[in-house]
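Take the sequences, apply the hints, and build the full model.
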Amino acid sequence: MSFFTAQDICAGYGGKNIVSHCSFSIEEGCLTGLLGANGSGKTTLIKAICGSLPHKGTCTLEGQMLERLSPKALGRRIGYVPQKSGLELDISALDTVMMGFHADLGLLEGPAPGMKKRAAEILDLVGLEGRQEDNYRTLSRGQQQLCLLARAMAADRRMLILDEPESALDFPLRRRMLALVKRWLGEPGRCALVSLHDPALALNHCHRLLLIREGSLLGVLKPGEDDLQTIEAGLSQIYGPVSLQEVSNGRGEKQLVMLWEGQE
Amino acid sequence: MGKTNKLWIAAGGLFLAALAAVSLFVGKYPLTLGALLSGDPYQWKIFLTLRLGRTVMGVAGGFALGAAGFVYQTVFRNPLASPDVIGVASGASAGAAAGILFCSSAAAVTMSAFAGALLAVMSALALARLDSTGRSGAVVLSGIAVHALAQTALMTLKLTADPERELAAIEYWIMGSLSGISIYDLPAHLILCALCLGILFALHRQVILLANEEGEARALGVNVGALRLMVLLTATLLVAAVVSLTGLISFVGLMAPHCARMITKSNRRETMVFSGLIGGCLLCAGDIFARSAGQAELPVSIFTSLLGAPFLIYLIVKGGRDG
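Residue numbers (our numbering), protein chains in the order written: chain A, 37 to 300; chain B, 67 to 389.
Derived BS3-like pairs: lysine-lysine, alpha-carbon spacing no greater than 27 Å straight-line: (1) A:K153 x A:K108; (2) B:K72 x A:K153; (3) B:K69 x A:K152; (4) A:K152 x A:K120; (5) A:K92 x A:K52; (6) A:K120 x B:K331; (7) B:K72 x B:K331; (8) A:K258 x A:K290; (9) A:K120 x B:K384; (10) A:K153 x B:K331; (11) B:K72 x A:K152; (12) A:K218 x A:K290; (13) A:K153 x B:K69; (14) A:K152 x B:K331; (15) B:K384 x B:K331; (16) A:K120 x A:K218; (17) A:K120 x A:K92.
These aren't lab readings, by the way, just hints derived from the structure by calculation.
These numbers were taken from a predicted model, which means no experiment stands behind them.
Here it is, written out as structure tokens:
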């Protein structure tokens, strides 16, 4: 049985389905990317899995059906990084990260000293050293994204779900964020799902790629296992005529680059 | 708690204590500390029946309105949300007017005011849900609609009131005043306030979690619907416990949290305490002004509105400047 399974997910807004009958699975330790054009249903699918959007179908994590869990029990299993947080409050970066421990605390219980220490460590890890007391609202969009990643990773969760985390990040920070997620996946009993806009980032970092178009999953790509023609054919279904080139950087590390082959 | 915040809270507490001390000795009937200490029965009667009650209510009521305003603004994720703006206070007014017309006891008026406040906040929340985008501004718009409905109900009740007795009581209630509050009226209201404040301070961490978008809060493990209901019910009960005795007090719940946040630059528990202290200072100062500004006593909301209206303009200008 797979570590995480989504079965026949249908979700949308105002009675209209945006995603229809999406089924897929993620294995333990796997970083799975979700690729699709704007409006293809990536965020809707992610919100349905996180339990923040009513949906049909079922999601199972380690054999437990997520739809049957209380919000707190769900929060103890999943860490979520939204595309853009709605948090518009004068609150320190450290306090923002500490929110991630909520599901582990009783109604009137405050975070333990160990949690505060862990939150400070994880802020350092994501590259926000010395920014603990900085106001979250005054951080740049990219720094806010890193802060939200720290919030999701601070507590010990089974699955990380990230919704276009790279949208506010510059080139080095995009790579850094995915490297942090891969490092987080190093512990046993974890998996991650990340929706991405940047195909090159997805191709070079994700173990599996789910392709979504008009709310339907078109297939799964396995970068590193599938041949270039298969991957090109898959990506062309989303982006139109594209080709892939394998190039090497100065250290000889091979990376895939996607090129546009159509007419402007 | 940061050292700076501790200092601000200490300063706010001292200033509020000073205002409370002044409030005890300001008014139509002169009162002196010496006469009180000498045991003058006339002075003691004035102290107990006219001054102590309104001073305690000024401190406790203002504190409650300031702390409740902090909660409303955080939970609604809107800096303009306050007991006044989202219609809770006008719901309480309509409720109190119904209580004055159809019941006679003070306890019934309090209960009726509470029921009106509760109905208002529930209606505002239900109306806001009609906006499928979940914009926080929808709550304010809903509050304006609820406020208008409550005002309509209030006008209808006033039309049916006996002009000499009931209408006067309703008008007196609406104008908002601490006069006539005796120390003997307070215990039940103060216990209710203390209980609600205790709950809200204990739930501060949860209140802050509600400042996230609904889906985001849920993904953090928050039972958003149940928690929001519990927090808003408690804050509404707190406001109702105050305004059922004082009548409408405008802008305290709006200004105090803003001032506290501007000074402490945070939203921690101590900011909520500081917001309460500022609320207490505003209401105490307003009551002193109401007693000493003219020949006759003025409604306390005149003073709070005089400060509140320019403050709203300041928020608009600041919002424009901050982008």
